[in-house]
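The primary structure of each chain is shown beneath.
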Amino acid sequence: MTRTLWDSTIGKKTVMAVSGLIMLLYLFAHMFANLKIFFGPEEINRYAHWLRTLGEPFLHYEWTLWLVRVVLVAAVVAHATSAYQLSRRDIRARPTSYVHKRRGATFATRTMRWGGVILGLFIVWHILDLTTGTVHPGGYEHLRPYQNVIDTFSTWYGNVIYLVAVTALGFHVRHGLWSAAQTLGVGTATRDRVLKPLATGLALVLTAGFVSVPVAVMTGLVS
Amino acid sequence: MKLTLRVWRQKNAAADGAMSTYEVDGISRDMSFLEMLDTLNEELIVKGEDPVAFDHDCREGICGACSLVINGDAHGPERTTTCQLHMRSFEDGDTIDIEPWRASAFPVVKDLVVDRSAFDRIIQSGGYISAPTGSAPEAHAAPVPKPDADSAFEHAECIGCGACVAACPNGSAMLFTSAKVNHLNVLPQGAPERETRVLDMVAQMDEEGFGGCTLTGECATACPKGIPLPSISAMNKEWLRATRKVGR
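These protein sequence lines are chains A and B, in that order.
If you read the first sequence in full-length UniProt numbering, its first letter stands for residue 1, the second for the next number, and so on.
If you read the second sequence in full-length UniProt numbering, its first letter stands for residue 1, the second for the next number, and so on.
So here's chain A without its partners, still in its complex pose (with noise of 0.2 angstroms):
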């Protein structure tokens, strides 16, 4: 049955659907746990101690984070190497390219590819800058994201790379979760009248979460 799943596309495009709205959920927790920075430093390094005893007793200190973390480098590894391996048979599926051309699907249709590969490089920088500290602008404070979160907003880099990867993650999840819903077989006419707004929405309101951040710091409403 993992033979057949691996094999097929439809079985390739089921693994991409489920690691895909793995990362989604994940997202969405990590959006609104970002939204405590609008409550003071205070709230938002507390939760950031309390991320690392959630669990405890029963499991070890730390422990339930990094059960995150390897689930979720187990998704964006699935998800990453069956883009990769879909997207090469695409490829080759279609050798020759129209001389006529004519613009096709949508914008976020279109550039599933190169925003997928836009935001594997930015979950690098990221967790160089935010989790190791190693490319972080200023002295990097462990348990302390509300000092850390200023410090790269306060950069133009920082804020243009983190604008462009969350721009690309909106147009990423609004086409990438209607077609997960399509690949796992729930799609139907009527279904789909309400699938692919609810898409647009939850990406809307993903991109407008993760932005507020760095347009705050920007403003100087964090400081």
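These aren't lab readings, by the way, just hints derived from the structure by calculation.
Note that the structure is a prediction, hence the values are computed from the model and not measured.
Heads up, some of the hints might be wrong.
[Stated by the list, open to error] Quick list of the computed label-pair ranges, beta carbon to beta carbon:
no., chain 1, residue 1, chain 2, residue 2, range
1, A, 81, B, 134, 27 to 37 angstroms
2, A, 196, B, 188, 25 to 35 angstroms
3, A, 91, B, 24, 34 to 44 angstroms
4, A, 204, B, 145, 34 to 44 angstroms
[To be verified] If you want the ones that stay clear, here's a sample from chain B, every Cβ over 12 angstroms from chain A, calculated:
no., residue
5, 28
6, 35
7, 188
Each residue gets a CB set at the ideal place from its N, CA and C atoms; glycine is no exception.
Given chain A, put chain B in place with the hints provided.
Just chain B, lined up with the frame of chain A:
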């Protein structure tokens, strides 16, 4: 009408092809697109040149033999087959680009003719029911709920022309395969092979080198018979169900 045609010319499967330009005059607005090409070919034959090869058969929009990507659109600007497309859809003095279906699973045979036998092999792998042939069974022997009959009929409209593959940026045959799978899978007559049908047909579709589905929706827009995009989702559901059930 006077038209400039830019047509893909290719001697055979192995040769390199290129677009060639032709002028045609005296085209009536009431001619079909294929009659316009017939006019061009008559002129080419008189001049001693090789006529443009293109597929056609019934010229009634029901056999699925005609193809042609016209100005980048499979079957041209109207939602119908090329044989049912009329020259009134164009303006006098227009330049029209005519190309064959493009997909590695549909190799060019000559000029605008492509080999679509990959579709036949997908049908052979599961597009049938195992029922005794002979005299017609009693019509009420197998009751079919009206919505199921409607759905089966909607999918049965597919004429296998391949416009979905031609329009898809991935050269994917998902809409064709889903039309064939759903047509039989919703009916009681198709029930005995419900699982093997979808698994075998999808496996054959992948085997032929068609691309995967990225839900661009180009296929359903190009389909002259209006096979709807959610048909693909319905096939995915059938495929996932069959994979769970058969466990192979």
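We went through each hint and held it up to the structure:
1. At roughly 51 angstroms, the beta-carbon separation of residue 81/A and residue 134/B lies outside the given 27 to 37 angstroms, and the hint is violated.
2. Distance hint for residue 196/A and residue 188/B: a CB-CB separation of about 33 angstroms, consistent with the stated range 25 to 35 angstroms.
3. Range check, residue 91/A to residue 24/B: about 36 angstroms between beta-carbon atoms, so the 34 to 44 angstroms window is met.
4. Roughly 40 angstroms separates the CB atoms of residue 204/A and residue 145/B, a value that falls within the hinted 34 to 44 angstroms.
5. The claim that residue 28/B lies off the interface holds: its Cβ sits roughly 24 angstroms from the closest Cβ of chain A, which is beyond the 12 angstroms cut-off.
6. At roughly 22 angstroms from the closest C-beta of chain A, the C-beta of residue 35/B stays outside 12 angstroms, upholding its exclusion from the interface.
7. With 12 angstroms as the threshold on Cβ separation, the claim that residue 188/B sits away from chain A holds: the shortest Cβ distance comes to roughly 21 angstroms.
Violated hints amount to a single one, hint 1; each of the other numbered hints is respected by the structure.
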